[in-house]
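Since the structure of chain A is provided, determine the placement of chain B with the ligands on it from the hints.
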Amino acid sequence: MLLDMQEIRKSFNAGPVLHGVDFQLERGQIHALVGHNGAGKSTLMKTLGGNFADYGGRIRIDGEEVVLHSPKQALAKGVAMIYQDFSLIPDLSVADNIGLGRDPRGKLPGLISHSALRKRSAEEAEAVGIRLPMDTPVRQLGVAEQQLTEIVRACSQNARILVMDEPTARLAPAEREHLFDVMRQMARSRGVGIIYISHFLEEIRQVCDVVTVMRDGRIVETGAASAYSVPDLARLLVGHDDIVAATANATARPSSGKPLLEIEGLAVAGRPPVDLAIGAGEIVGIAGLIGSGRTRLARAIIGDVAASGRIRLAGRDLPRRTPQRSADAGLVMVPEDRKVSGLALASSIEENMAATALAPRLSRFGIIRAREKRALVESLIAKFGIRPPDRKRAVGTLSGGNAQKVLVARAVAARPKAMILDQPTAGVDVGAKGELHKLVELSAAEGAAILLISDDLDEILALSHRVAIMVGGRVKEVLPREGLDRASLLAAISQGAPE
Amino acid sequence: MSLSRADTGRRRLTLPAGVAWSNYALLAIFVVLVVVFCLTVPYFATWANFANVLQRNSVIGIVACGMLLMIILGGFDLSVGAVGAATSVVAAALIVHVSMPFGIVAALALGLGVGLINGFFIAKIGINPFVTTLATQVLVTGIMFVGTAAQPVYGVPESFTWLGLGRIGPIPVPTIIFAAVAILTWAILRFTTFGHHVYIVGGNKLAARLAGINVDRVTILTYGLGGLFAGIAGVVLLGQTNIGQPASAADWPLTAIAAVVVGGVPLSGGVGKVGGAVLGTLLLGVIANALNLLGVSPFWQPAVTGAVILVAVGIDSYQRRRLERR
Ligand SMILES: Nc1ncnc2c1ncn2[C@@H]1O[C@H](COP(=O)(O)OP(=O)(O)OP(=O)(O)O)[C@@H](O)[C@H]1O
Ligand SMILES: [Mg+2]
Chain A
7 MLLDMQEIRK SFNAGPVLHG VDFQLERGQI HALVGHNGAG KSTLMKTLGG
57 NFADYGGRIR IDGEEVVLHS PKQALAKGVA MIYQDFSLIP DLSVADNIGL
107 GRDPRGKLPG LISHSALRKR SAEEAEAVGI RLPMDTPVRQ LGVAEQQLTE
157 IVRACSQNAR ILVMDEPTAR LAPAEREHLF DVMRQMARSR GVGIIYISHF
207 LEEIRQVCDV VTVMRDGRIV ETGAASAYSV PDLARLLVGH DDIVAATANA
257 TARPSSGKPL LEIEGLAVAG RPPVDLAIGA GEIVGIAGLI GSGRTRLARA
307 IIGDVAASGR IRLAGRDLPR RTPQRSADAG LVMVPEDRKV SGLALASSIE
357 ENMAATALAP RLSRFGIIRA REKRALVESL IAKFGIRPPD RKRAVGTLSG
407 GNAQKVLVAR AVAARPKAMI LDQPTAGVDV GAKGELHKLV ELSAAEGAAI
457 LLISDDLDEI LALSHRVAIM VGGRVKEVLP REGLDRASLL AAISQGAPE
Chain B
24 MSLSRADTGR RRLTLPAGVA WSNYALLAIF VVLVVVFCLT VPYFATWANF
74 ANVLQRNSVI GIVACGMLLM IILGGFDLSV GAVGAATSVV AAALIVHVSM
124 PFGIVAALAL GLGVGLINGF FIAKIGINPF VTTLATQVLV TGIMFVGTAA
174 QPVYGVPESF TWLGLGRIGP IPVPTIIFAA VAILTWAILR FTTFGHHVYI
224 VGGNKLAARL AGINVDRVTI LTYGLGGLFA GIAGVVLLGQ TNIGQPASAA
274 DWPLTAIAAV VVGGVPLSGG VGKVGGAVLG TLLLGVIANA LNLLGVSPFW
324 QPAVTGAVIL VAVGIDSYQR RRLERR
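Protein chains in written order, with the working numbering: chain A, 7 to 505; chain B, 24 to 349.
Next up, chain A with everything else stripped away, as it sits in the complex:
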């Protein structure tokens, strides 16, 4: 047996998270670890990655009992990690990040040969078939490319055990398929044991041999992946039967009134102009490959990046936009990366959730109306099912999925006229995803215009009334929801793409 974790326990100051977890992994096995948001998956894997010096229980690797009190020890025992929220160094280049901690020797001891590092990193990326701009600082990459950088780095550490914590949460379908090929190849030909965490349950059957389900810090079941259907898994990890299925067909057609959000000739940095009009109560999905310019477009709409063209909201022009002026006018965005551009991690759930709504809704003459703020926050915590339901909790200590819910709740709290959602359910579990979808539909039903960017094609199909196809920074066409399915949508976004 490659890895044998026994009776693993871990507490934070807020209470115990892992209640004696047993977990085994064989050589060459791809082992799925699934569970609801906050079940303790990441915590279990961070324990294995040597992030905690105070865990309880025993860990054996290849039969040898090991103590993993620092990431360095874990790496030395052959454990490589892809963390759920990135651990890259933003100002270093892609090549530097891939080679982080494995500096090739320079001519003298203590010196690094940058050319050798760059060359090796390029080769390592090549070896897993991922193409990346080696000299670009990671800060300038989109989240998908950052994720790919992490993948290359982890795959190049010559690990015996590779932990992947939601690596596909931010990848588009094509990249996912490619990643699965890489995983199979590493497992089959090099005997690497892979632990794979994901909320996309269909993927589990596709790539994994074995699946382990966690709930509330305990293992509830382990078995061959082929023995479970997607609904089986969903029921197991949520722990009850009533899962809100993502509504197959979107709610009633929006009221055919005047468009609420109008985008006219919006052109970002030399890209062709975009025209799009969204009615009150309408959800327009934007589908496209990674790098097709969806996030750029979203940021240009709210005025975070410069662009020519006009935006009209409820018939009124929004000139000289900044994110703040847009928010005041009732146009808000849920950014794509909760850790980097989304949340203030040291601040509490309450502070983060109220950030946008504070000035326009929750204060008078700059003085906060504390009682209303508190009531709003508590109601949103309940509505979004955030765990633990403690408004004072620092957002940085929440599980990834719960942090994501705080981010969406922040936009909803501002009661916007129009909302732009950029990957709103990245890392959210099946149960909560259905809930979030319902809340998005509710906002639309209450008359908001919603622009939904997502790599999850099923999500686009479940929520959108119309789907805009983006290719190379341009809205190529806008298709009605009727008559679209996964395959035709995938074909639409892939055509005309470079490659």
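Some hints here could point you the wrong way.
With a cut-off of at most 27 angstroms between alpha-carbon atoms, the simulated DSSO-like pairs for lysine-lysine come out as follows [stated by the list, open to error]:
#1 B:296 x A:398
#2 A:423 x B:228
#3 B:296 x A:345
#4 B:228 x A:345
#5 A:423 x A:264
#6 A:444 x A:389
#7 A:78 x A:345
#8 B:147 x A:345
Chain B is faced by these chain A residues, among others (derived, beta-carbon under 7 angstroms) [said to hold, decoys possible]:
#9 329
#10 330
#11 349
#12 350
#13 353
#14 362
#15 364
#16 365
#17 369
#18 373
Over the 12 angstroms line for every Cβ pair with chain B, so calculated as not near, a few chain A residues [what the hints assert, rightly or not]:
#19 121
#20 197
#21 286
If you are wondering where the hints come from, they were derived from the structure by calculation, not from laboratory data.
Treat the numbers as computed from the prediction; the structure is a model and nothing was measured.
Glycine included, each C-beta is placed from N, C-alpha and C at the ideal position.
Below, chain B with the ligands alone, put in the same frame as chain A:
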């Protein structure tokens, strides 16, 4: 915290689960120190001495309140000393040549102005706080030395010293001003949208911007307040010396940063409470006072201050790492 098999070999110094050092341990240390000093240091436990400690440290406490705001915002201000000296010189000159109210108002306006300029360069031009405030510090000091030919300004009426040395009942006037500034800072952070925005901007600037917060305005206003508080401190300083001394206050920036940091506020921004800054100020002040009474050479004081910073912040960071290891 559950004791686990992997742990049994080692025993560690830990606080009970859930008790963050910054909330109570600093207060406990402060209380213990005061008690120890009361028992061991002659003349320490007299009201005259306490009043003396309060009076001496109120000025730096006022500065520390402003510094706290800037540190929560993720920055700091090296120009507070220059601003303090400049305001006291300007106030002295204007009090002598024009009138007392005008002198005070003009001095505060000067502090606010320099702060706003700091904020403008940091927010709008994008120079980092270190460079910006270092530059304004040198600039303000330079202009002040040119304007005064490096000579102190004399002639402030004796009555003005009430502001620096007077008492209301048993409480020194500067301490009352310090308390007012501290309460104001607390209220800003707790009750105003601006205060809440300071935390969010300090925690994640990009996120704050995308959430619709006017980051530039928050930044400029924060540095403006920092400058204003340094101006208030400068006027109180004039009340203590009665001389507009261009060469004073050079140690303010670092002492104020030290007070805030000892108060458990990390320089990384996004968190911090007024209580920490106040307690940090008093802790450093009490230690200096005890050394003084014990007849230790004043040259030792910086060394002791340095050691206190390392120990206090060291315990804090150690606890934080233990409790919040990712
Ligand atoms: N540093 C921390 N301090 C306090 N509590 C924490 C910390 N890290 C995690 N937790 C808590 O531990 C629990 C499990 O978190 P974990 O991140 O392991 O969940 P997860 O299964 O990975 O969920 P997700 O699918 O949302 O990523 C959560 O309730 C979380 O709030
Ligand atoms: Mg997780």
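Hint check:
1. B:296 x A:398: holds, 15 angstroms
2. A:423 x B:228: At roughly 25 angstroms apart (the allowed maximum being 27 angstroms), residue 228 (chain B) and residue 423 (chain A) satisfy the hint.
3. B:296 x A:345: Within the cut-off at roughly 24 angstroms; holds.
4. B:228 x A:345: OK: residue 228 (chain B) and residue 345 (chain A) at ~12 angstroms, within 27 angstroms.
5. A:423 x A:264: Holds, because 13 angstroms separates the two Cα atoms, which is no more than 27 angstroms.
6. A:444 x A:389: holds, 11 angstroms
7. A:78 x A:345: holds, 24 angstroms
8. B:147 x A:345: Holds - the C-alpha atoms of residue 345 (chain A) and residue 147 (chain B) are around 25 angstroms apart, at most 27 angstroms.
9. 329: holds, 5 angstroms
10. 330: Constraint on residue 330 (chain A) satisfied, holds at 4 angstroms.
11. 349: Where the cut-off is 7 angstroms and the nearest Cβ of chain B is about 6 angstroms from residue 349 (chain A), the hint holds.
12. 350: holds, 3 angstroms
13. 353: With a closest approach of 5 angstroms, the residue 353 (chain A) hint holds.
14. 362: OK, holds: residue 362 (chain A) within 7 angstroms of chain B, min 5 angstroms.
15. 364: holds, 5 angstroms
16. 365: Holds. Min distance 5 angstroms.
17. 369: Holds, about 5 angstroms.
18. 373: holds, 5 angstroms
19. 121: Given that every Cβ of chain B is farther than 12 angstroms from that of residue 121 (chain A), nearest at about 31 angstroms, it holds.
20. 197: The assertion about residue 197 (chain A) holds, with a minimum of 28 angstroms to chain B.
21. 286: holds, 21 angstroms
Comparing the model with each earlier hint shows no violations; every hint is respected.
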